[in-house]
Amino acid sequence: MNRAKAGRSTRTFVSEQRWQQVDSLLKPGDFLLMQFGHNEGSVPDTTKAGRRGVLRGTGNETKELGHHETVHTYGWYLRQFVRGAKAKGAKPIIASMIPRNEWKDGKVVLADQDFGRWAAEVARQEGVPFIDLNGLTAAQYNHLGSEKVSSFFPGDYTHTNADGARLNAASVVDDIRDPRFFSQSRVRLPATGAGAVMPVIDHGQVVPRPHGVGHALSGFSTDADAYQHLMHGLMNILTESINLVRQNEKLIYVDGGFARNPLFMQLLGQNFPEAKKPYVRGVASHRPGRPHSPGTG
60 MNRAKAGRST RTFVSEQRWQ QVDSLLKPGD FLLMQFGHNE GSVPDTTKAG RRGVLRGTGN
120 ETKELGHHET VHTYGWYLRQ FVRGAKAKGA KPIIASMIPR NEWKDGKVVL ADQDFGRWAA
180 EVARQEGVPF IDLNGLTAAQ YNHLGSEKVS SFFPGDYTHT NADGARLNAA SVVDDIRDPR
240 FFSQSRVRLP ATGAGAVMPV IDHGQVVPRP HGVGHALSGF STDADAYQHL MHGLMNILTE
300 SINLVRQNEK LIYVDGGFAR NPLFMQLLGQ NFPEAKKPYV RGVASHRPGR PHSPGTG
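Just so we're aligned, residue 60 is where the sequence shown starts under our numbering, counting upward by one.
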């Protein structure tokens with residue numbers, strides 16, 4: 060059932076009673092997929108230009124608009140939707156907004172420092188699945204190039220045509236099919252310039268999620284962008300492994316080529332600041348004829 064409405068923000072979805080309609084329809088076991096972010100950017104007020112605007116961030120700050128309305132942060136509204144769905148026994152899923160047709164230095168401009176990041180923060184805080192559609196779509200757009208991507212936006216820089224919609228819908232379906240989709244260790248904040256689930260370049264094709272170290276290595280290229288994607292992809296795999304072994308109070312070991320890779324070790328330190336040299340050692344890479352180290356997968 061599609062209850063989305065064009066041009067609405069999290070704020071107007073509430074003020075127009077649209078969330079109340081959705082809430083009244085929810086039943087135990089339902090899945091609720093929500094995506095907001097395109098319409099929240101204006102300064103919140105009661106004018107036509109500002110009626111959709113919200114406060115930035117995920118905190119509990121408010122703005123009183125006289126006797127008319129109390130405006131909250133983007134994250135606050137998302138939390139109300141998530142918690143309302145959970146109260147009905149439904150299963151909420153948050154998706155970040157798709158990128159607009161805006162480019163800088165040959166790459167799509169991401170929302171990884173505002174609405175895309177805040178959506179991920181709420182998903183992580185509330186313990187619900189997150190689809191980083193902003194990052195996944197950006198990876199696809201960057202691969203296709205600005206000329207091809209512009210053909211998806213015949214009217215403006217926000218709304219795609221049917222071809223663009225199918226591409227983005229396919230990314231959603233593919234992400235939901237991930238066996239790890241409901242794993243909370245999978246929900247991480249987007250890194251600057253990249254999605255929460257980093258893609259790798261595999262023989263010229265964009266692969267949104269590496270399914271293992273060997274799979275990621277098969278896409279390695281001397282191209283600088285592909286190298287960055289690869290290292291982030293490997294960090295995602297390591298993150299998943301570390302979170303799993305932490306649950307069993309076991310250690311994870313990293314050594315070999317990865318331990319001497321400055322970017323990889325920098326990412327490790329950012330994701331796991333408690334990691335010390337005695338903790339980060341052993342073997343995490345897999346080579347033909349050489350078994351995996353225990354706990355690394």
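Bear in mind the hints are in silico, worked out from the structure with no lab data behind them. Hints are not guaranteed to be accurate.
Claimed, not checked - Mimicking EDC-like on lysine to aspartate or glutamate, the simulated pairs with C-alpha atoms at most 16 angstroms apart in a straight line are:
1) K163 - E206
2) K147 - D89
3) K150 - D222
4) K207 - E161
5) K166 - E206
6) K207 - E185
Stated by the list, open to error - The calculated label-pair distances, taken between Cβ atoms and stated as ranges, are:
7) V102 - E206: 12 to 22 angstroms
8) K163 - D215: 15 to 25 angstroms
9) G125 - E75: 12 to 22 angstroms
10) S205 - E123: 34 to 44 angstroms
11) E123 - R225: 19 to 29 angstroms
12) Q76 - A108: 19 to 29 angstroms
13) H127 - L203: 29 to 39 angstroms
14) H127 - A65: 39 to 49 angstroms
15) A108 - D233: 31 to 41 angstroms
16) K163 - M60: 34 to 44 angstroms
17) G88 - A65: 38 to 48 angstroms
18) A108 - E161: 16 to 26 angstroms
Computed from a predicted structure; not experimentally measured. All C-beta atoms, glycine included, are put in the ideal place defined by N, C-alpha and C.
Against the structure, the hints come out as follows:
1. K163 - E206: Within the cut-off at roughly 14 angstroms; holds.
2. K147 - D89: This hinted pair holds, its Cα atoms lying about 9 angstroms apart.
3. K150 - D222: Distance of about 29 angstroms is beyond 16 angstroms: violated.
4. K207 - E161: holds, 13 angstroms
5. K166 - E206: holds, 12 angstroms
6. K207 - E185: At roughly 37 angstroms apart (the allowed maximum being 16 angstroms), E185 and K207 break the hint.
7. V102 - E206: 12 to 22 angstroms: violated, 35 angstroms
8. K163 - D215: 15 to 25 angstroms: holds, 18 angstroms
9. G125 - E75: 12 to 22 angstroms: Roughly 19 angstroms apart at Cβ, these two residues keep to the hinted range, so it holds.
10. S205 - E123: 34 to 44 angstroms: Because 43 angstroms falls inside the window, the suggested range holds.
11. E123 - R225: 19 to 29 angstroms: Given about 43 angstroms between the Cβ atoms, the range is violated.
12. Q76 - A108: 19 to 29 angstroms: The hint (19 to 29 angstroms, Cβ to Cβ) holds, given that Q76 and A108 are roughly 22 angstroms apart.
13. H127 - L203: 29 to 39 angstroms: Since H127 and L203 have Cβ atoms about 44 angstroms apart, the given range 29 to 39 angstroms is violated.
14. H127 - A65: 39 to 49 angstroms: violated, 24 angstroms
15. A108 - D233: 31 to 41 angstroms: For D233 against A108, whose Cβ atoms are near 37 angstroms apart, the range 31 to 41 angstroms holds.
16. K163 - M60: 34 to 44 angstroms: Distance hint for K163, M60 holds at roughly 38 angstroms.
17. G88 - A65: 38 to 48 angstroms: Once the Cβ atoms are compared, 28 angstroms apart, the range 38 to 48 angstroms for A65 and G88 is violated.
18. A108 - E161: 16 to 26 angstroms: Once the Cβ atoms are compared, 20 angstroms apart, the range 16 to 26 angstroms for E161 and A108 holds.
In this structure, the hints that do not hold are numbers 3, 6, 7, 11, 13, 14 and 17, in rising order.
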